[in-house]
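Sequence lines, in order, name chains A and B.
Start counting the first sequence at 79; every next residue gets the next number (my numbering).
Start counting the second sequence at 29; every next residue gets the next number (my numbering).
Possibly wrong hints are sitting among the right ones.
Said to hold, decoys possible - Covered stretches of chain A (in silico footprint by chain B; criterion: 3 or more residues with CB under 8 Å from a CB of chain B, positions within the stretch not fixed):
{"id": "1", "segment": "125-136"}
{"id": "2", "segment": "140-150"}
{"id": "3", "segment": "163-176"}
{"id": "4", "segment": "247-254"}
Calculated directly from the structure, the hints in this document are not laboratory data.
Here the structure is a predicted model, which means the values were calculated and not measured.
Built from N, CA and C at the ideal position, the CB exists for glycine as well.
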Amino acid sequence: MTTEMVSVTIEGLPVSVPKGTSIIEAAKRAGVMVPHYCYHPSLPSPAVCRMCLVEIEKFPKLVPACVTPIVDGQVIHVHSPAARKAREGVLEFLLINHPLDCPVCDQAGECELQDFVFQEGQAASRYGDYPKRYNPVEDFGPDILYVANRCILCTRCVRFMDHVTETPVLNVSERGDRAYIGIDPSAVLDHPWSGNVVDLCPVGSLVSKDFLHKARAWDLDKTASICPGCTQGCNIMVDTRDDMVVRLRPRANLEVNRHFVCDTGRADYRWMNRGDRCETPMVAEAGKLRAVEWPDALRRLADLVAAASGPVVMLVGGRASSESLGWLRTLLDGRALTAAMKVPIGPEAPIGAIPNLALRAERAANLGGAELLSVSGDWTLAVAAAASASLVVVLDVELDNAEAAQVASAGTVVHLATVADPRLGVPTLLLPVTTMVEEQGVYVNRDGRAQRFLPARPAPGMAWPAWRVAAEAWALLADGREAPATASEAFGALAPFAGMSHRDLGLTGRVVTAGVAR
Amino acid sequence: MGYPHPIHPKETPVLSTHFGDVEARSYAGWVARGGYAALRMALEMTPEAIVDQVKASGLRGRGGAGFPTGMKWSFMPKEDGRPHYLCCNADESEPGTFKDREILRWTPHALIEGCAIGALAIRAETTYIFIRGEYTEPYHILQAAVDEAYAAGALGANAFGSGKRIEMIVHRGAGAYICGEETALMNAIEGRRGNPRIKPPFPAVSGLFGQPTTINNVETLAAVPHILVRGAAWYAGLSLSSPKSTGTKLISVCGHVQRPGTYEITMGLSMQELIFDICGGMRPGRTLKAVIPGGSSVPIMTPDEVMDCATDYEGIAAKGSLLGSGGMIVMDDTTDMVYQIMRLARFYAHESCAQCTNCREGTAWTTRILERILRGEGKASDLDLLLDLADNMTGKTICVLSDSCATQVVSGIKKFRGEFDAYLSGAKAPALAEV
Numbered sequence: 079m080t081t082e083m084v085s086v087t088i089e090g091l092p093v094s095v096p097k098g099t100s101i102i103e104a105a106k107r108a109g110v111m112v113p114h115y116c117y118h119p120s121l122p123s124p125a126v127c128r129m130c131l132v133e134i135e136k137f138p139k140l141v142p143a144c145v146t147p148i149v150d151g152q153v154i155h156v157h158s159p160a161a162r163k164a165r166e167g168v169l170e171f172l173l174i175n176h177p178l179d180c181p182v183c184d185q186a187g188e189c190e191l192q193d194f195v196f197q198e199g200q201a202a203s204r205y206g207d208y209p210k211r212y213n214p215v216e217d218f219g220p221d222i223l224y225v226a227n228r229c230i231l232c233t234r235c236v237r238f239m240d241h242v243t244e245t246p247v248l249n250v251s252e253r254g255d256r257a258y259i260g261i262d263p264s265a266v267l268d269h270p271w272s273g274n275v276v277d278l279c280p281v282g283s284l285v286s287k288d289f290l291h292k293a294r295a296w297d298l299d300k301t302a303s304i305c306p307g308c309t310q311g312c313n314i315m316v317d318t319r320d321d322m323v324v325r326l327r328p329r330a331n332l333e334v335n336r337h338f339v340c341d342t343g344r345a346d347y348r349w350m351n352r353g354d355r356c357e358t359p360m361v362a363e364a365g366k367l368r369a370v371e372w373p374d375a376l377r378r379l380a381d382l383v384a385a386a387s388g389p390v391v392m393l394v395g396g397r398a399s400s401e402s403l404g405w406l407r408t409l410l411d412g413r414a415l416t417a418a419m420k421v422p423i424g425p426e427a428p429i430g431a432i433p434n435l436a437l438r439a440e441r442a443a444n445l446g447g448a449e450l451l452s453v454s455g456d457w458t459l460a461v462a463a464a465a466s467a468s469l470v471v472v473l474d475v476e477l478d479n480a481e482a483a484q485v486a487s488a489g490t491v492v493h494l495a496t497v498a499d500p501r502l503g504v505p506t507l508l509l510p511v512t513t514m515v516e517e518q519g520v521y522v523n524r525d526g527r528a529q530r531f532l533p534a535r536p537a538p539g540m541a542w543p544a545w546r547v548a549a550e551a552w553a554l555l556a557d558g559r560e561a562p563a564t565a566s567e568a569f570g571a572l573a574p575f576a577g578m579s580h581r582d583l584g585l586t587g588r589v590v591t592a593g594v595a596r
Numbered sequence: 029m030g031y032p033h034p035i036h037p038k039e040t041p042v043l044s045t046h047f048g049d050v051e052a053r054s055y056a057g058w059v060a061r062g063g064y065a066a067l068r069m070a071l072e073m074t075p076e077a078i079v080d081q082v083k084a085s086g087l088r089g090r091g092g093a094g095f096p097t098g099m100k101w102s103f104m105p106k107e108d109g110r111p112h113y114l115c116c117n118a119d120e121s122e123p124g125t126f127k128d129r130e131i132l133r134w135t136p137h138a139l140i141e142g143c144a145i146g147a148l149a150i151r152a153e154t155t156y157i158f159i160r161g162e163y164t165e166p167y168h169i170l171q172a173a174v175d176e177a178y179a180a181g182a183l184g185a186n187a188f189g190s191g192k193r194i195e196m197i198v199h200r201g202a203g204a205y206i207c208g209e210e211t212a213l214m215n216a217i218e219g220r221r222g223n224p225r226i227k228p229p230f231p232a233v234s235g236l237f238g239q240p241t242t243i244n245n246v247e248t249l250a251a252v253p254h255i256l257v258r259g260a261a262w263y264a265g266l267s268l269s270s271p272k273s274t275g276t277k278l279i280s281v282c283g284h285v286q287r288p289g290t291y292e293i294t295m296g297l298s299m300q301e302l303i304f305d306i307c308g309g310m311r312p313g314r315t316l317k318a319v320i321p322g323g324s325s326v327p328i329m330t331p332d333e334v335m336d337c338a339t340d341y342e343g344i345a346a347k348g349s350l351l352g353s354g355g356m357i358v359m360d361d362t363t364d365m366v367y368q369i370m371r372l373a374r375f376y377a378h379e380s381c382a383q384c385t386n387c388r389e390g391t392a393w394t395t396r397i398l399e400r401i402l403r404g405e406g407k408a409s410d411l412d413l414l415l416d417l418a419d420n421m422t423g424k425t426i427c428v429l430s431d432s433c434a435t436q437v438v439s440g441i442k443k444f445r446g447e448f449d450a451y452l453s454g455a456k457a458p459a460l461a462e463v
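Looking at chain A on its own, in the form it has when it is part of the complex (with noise of 0.2 Å):
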């Protein structure tokens, strides 16, 4: 490492930090906050909130930390006197146009404002019985509404619209405490990434149209995960309330999507909590189906895989986990296997300044691990040997008329499924198996990235991830064998990712193959 470190100390902390680093960064580094509103790590730094001002020794004036660089040898204090009262005075002034609507403000829980003024805010205020500054609410776009009198100019908004989508249709209107965001009269907000200015809005003065007055933020439970919707593979957390999945916000992560995810990923959480779930296994007896209980269910499986003497076809969905994918194919190993993924095309949507960040064209999110499990085979070609196949393993896959008609059409057809489809007429069987949400696994994403996901709500009814399906099935197919017991080490046993555990990903993955983009 060439990179020249420098040492200096924040409120008595020693930290050691790249030279040219923000006294903001390296207070984290020590553990110290230094609040702020308009400092954001993934935007330029404009230093106008003027809340992180901090003291550093022997400077004649206090400093804006976020755009401060540390020199060595410095003694900085975040919490002396005079920075203290220096934020006391920025949160009295933020908040004398500041409508105390809290009660009904979808942000109240998980609001900067409120917290910082909570921490170190003045308890009553000076401002007296003036009217506040009073602007109409907004509609800037499909999802999103701008309460203006909520609003603290951090001008995070703009920043993100000018200098990461490129895209500039955000500005700051008038002058003084006249001052509001302004939209381009001819624009709407409708970049496929700007719903990311609601998470950025330190306040709630740009909130979500979906979102709104749906839940409080602390009745919510917060799950980290990876979303579903492509093979960028951005991080996200899955918010539920109640077990109902009602958010899905970008968790940060700098390798992959830094603190953003697309509008499109952000909106596709419906799925999640559909109620006509597969809940019981089933097998089919005269033309009709019966409920079982799970060990005949897997007797049945595993009968029906030792007995498939001619090809065998394995259907599987995009969001299946890399732990089901490599459990699906050991339980069928040894047979005259094909194995696809379906992949929907969708239009590329790139977030614009951001290298390697888009909306990625093949919606299927762990193709990656597709690729590495060797279930990639040609889609249509798979579908097509459907007819003539000994057996049809099909798992969670949205299949269209056409595709659903050849897969009816074979003889014996398994069915791992979280909702049936009416389509396939009577399968076989018809097993439950969780989804994403209510699981534990890991998806590969374009650039061979492994990164887990945590369940976020119970799995329906009897439903079992599709791994331990498999796993459990094979396990009855020879003496001695044993299913693996839990998602980890299912997944350390499958040959890409021998030896590793879910931990060894950390909740941000790591890279496990020189990459498969495609």
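Given the coordinates of chain A, work out where chain B should sit on it, guided by the hints.
Structure of chain B alone, referenced to chain A:
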């Protein structure tokens, strides 16, 4: 001459010699008055030699900050292969200041010549003159002069046949006071919102279009030709008080004096002589109450402080105020100081660019409190509140607009507290109607 009154014996006309002389506006007229000799000299000199001359003259920035001009020029990189820019700040918008306007109106070629020499000194090929949008007449005069200078070969790809390129672009502002702040000025020229930029990087490193840039005031640049022609020693000798303040200064005096106007004095002339001799003193029966000596952004002075004050950078600083731009606002005993301070605060609240929280909200809040006091609705705690807000607005923002607003409040309350108390106690009738 008719301009607006004859030159007073206590004035020292250098820049103002040809004020009022319409013929000095034309290229031919300017050359006939000795113009463009300095530019011809400068074209023969090295940049270092020009900078040395200006350093030796002691010339300091006339826009307000008073930074030594030669020193500022020497900060520009040498032989770095990047284009350099000179910006002339003609966005004279400070309340009470109208001295650059006279240069623009009467001797535009003096400014053009100064800009051209300044550009040579900092190795710039292009000069932008950013002129206040409301200066319509000065703009037309300046633009005509620039056109003439191009036609005469003084400007262009081959200035006076020297092989050196001197381009000059006059850029009109759109009415924002803040664009007179040098980094906001650069943003405005670039077509961006006129918000001040955070420093560092300083303009000499990354200024206009990201290139090394120097920004000088109109009066500063207009003084440069005189320094080259008459010598640095002559200019440095123009000093009546502090040797650190040299040359002449245009002072625009407005308010309650008998002869308001723009006057040129030698640095260090006593403020008393300026107000009472050159400007004719107070109107009959009136007495001096207060002076804001350097444009609306500097602390208010009391008569006691005025009486023995030398009008130069050090002299006024010794009295706790600043020479600033030299826009002097004189107020007599009929003045309601609370009202005047409210008017200035209202100006700053109107002109705040809205970037920094402290300025955006602080200037507006300060104005509202002052208005409340003037309506007779003030509270006993209001003065402490004003002073605390002023503290929160001082030294905490990107530029000094909020500091300027706070300065008026702090010096006003400190020096004229009785007038505030009269409103607060009800001893004085409200000066503003209910809103």
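Structure-based check of each hint:
1. 125-136: holds (count 6)
2. 140-150: Three-residue rule met by the segment 140-150 of chain A, so holds; n is 3.
3. 163-176: Holds: 9 residues of the segment 163-176 of chain A have a Cβ under 8 Å from chain B.
4. 247-254: holds (count 5)
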